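Following our numbering, the numbering of the sequence shown begins with 4 at its first residue and continues without gaps.
Hint data in this document are derived by calculation from the structure and do not stem from the laboratory. All values derive from a computational prediction rather than experimental measurement. Any given hint might turn out to be false.
To be verified - Simulated restraints on C-beta separations:
(1) Asp37 - Tyr77: 16 to 26 Å
(2) Arg89 - Ser69: 15 to 25 Å
(3) Asp8 - Lys59: 26 to 36 Å
(4) Leu24 - Asn94: 29 to 39 Å
(5) Leu24 - Ser84: 18 to 28 Å
(6) Asp37 - Arg89: 12 to 22 Å
(7) Ser84 - Thr62: 21 to 31 Å
(8) Asp8 - Thr62: 30 to 40 Å
(9) Asp74 - Asn94: 33 to 43 Å
(10) Asp65 - Ala93: 28 to 38 Å
(11) Asp81 - Ser60: 32 to 42 Å
(12) Thr58 - Asp8: 29 to 39 Å
(13) Asp19 - Ile87: 13 to 23 Å
We treat Cβ as the ideally placed atom computed from N, Cα and C, and that holds for glycine.
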Amino acid sequence: MQEHDGYWLVRSSIIDNSMFLNARGLSPVIAVIDRSYSSQDFIYMGESTVDFLITKSRTLTDIVTSLHLPDGSYASVDGRSAVIYRIVKANNVPLSIVDSFLGKKTTSK
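Hey, can you work out the whole structure from these sequences and the hints?
See below:
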């Protein structure tokens with residue numbers, strides 16, 4: 004896989020609103036992969052992470068992901084390619100005993 008572009012775009016259906024603006028308009032881009040992090044035929048993001056916060060209730064049943072060149076066309080990948088997601092569900096446990104106590108007081112009114 005020999006590509007000459009300096010970066011790839013990762014598009015995903017995991018986000019609802021498009022925030023990435025390119026020549027074609029807004030795109031559901033979740034990450035930009037700098038191709039300077041590569042070894043042999045593999046390109047990776049390194050130790051950086053990309054975080055998104057989903058603020059409304061949502062059930063994930065599938066995630067559609069694609070890799071694109073800067074011009075928006077599909078990047079040439081094969082079966083060894085992967086995008087790994089880490090999904091963390093918010094834990095609504097009170098941070099302290101005081102928060103827990105105050106919560107009980109306000110609900111008992």
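To see whether the hints hold, each was checked on the structure:
At roughly 19 Å, the beta carbons of Asp37 and Tyr77 sit within the given window of 16 to 26 Å. The given range of 15 to 25 Å is respected by Arg89 and Ser69, whose C-beta atoms sit roughly 19 Å from each other. Here the CB-CB span from Asp8 to Lys59 is close to 35 Å, well matched to the stated 26 to 36 Å. Checked against the hint of 29 to 39 Å, the pair Leu24 and Asn94 passes, with Cβ atoms roughly 34 Å apart.
In this structure the hint that Leu24 and Ser84 lie 18 to 28 Å apart at CB holds, the actual value being about 26 Å. Between Asp37 and Arg89 the beta carbon distance is about 20 Å. The supplied range of 12 to 22 Å therefore holds. The hinted range of 21 to 31 Å is satisfied by Ser84 and Thr62, whose Cβ atoms lie roughly 27 Å apart. A beta carbon spacing of about 35 Å between Asp8 and Thr62 agrees with the range 30 to 40 Å that was offered as a hint.
For the hinted restraint 33 to 43 Å between Asp74 and Asn94, the CB-CB distance of approximately 41 Å keeps it satisfied. A hinted range of 28 to 38 Å for the beta carbons of Asp65 and Ala93 is inconsistent with their spacing of about 21 Å. Checked against the hint of 32 to 42 Å, the C-beta distance between Asp81 and Ser60 comes to roughly 37 Å, which is consistent with it. Remark: the range hint 29 to 39 Å for Thr58 to Asp8 is upheld by a beta-carbon distance near 33 Å.
Distance hint check: the CB atoms of Asp19 and Ile87 are about 21 Å apart, consistent with the given range 13 to 23 Å.
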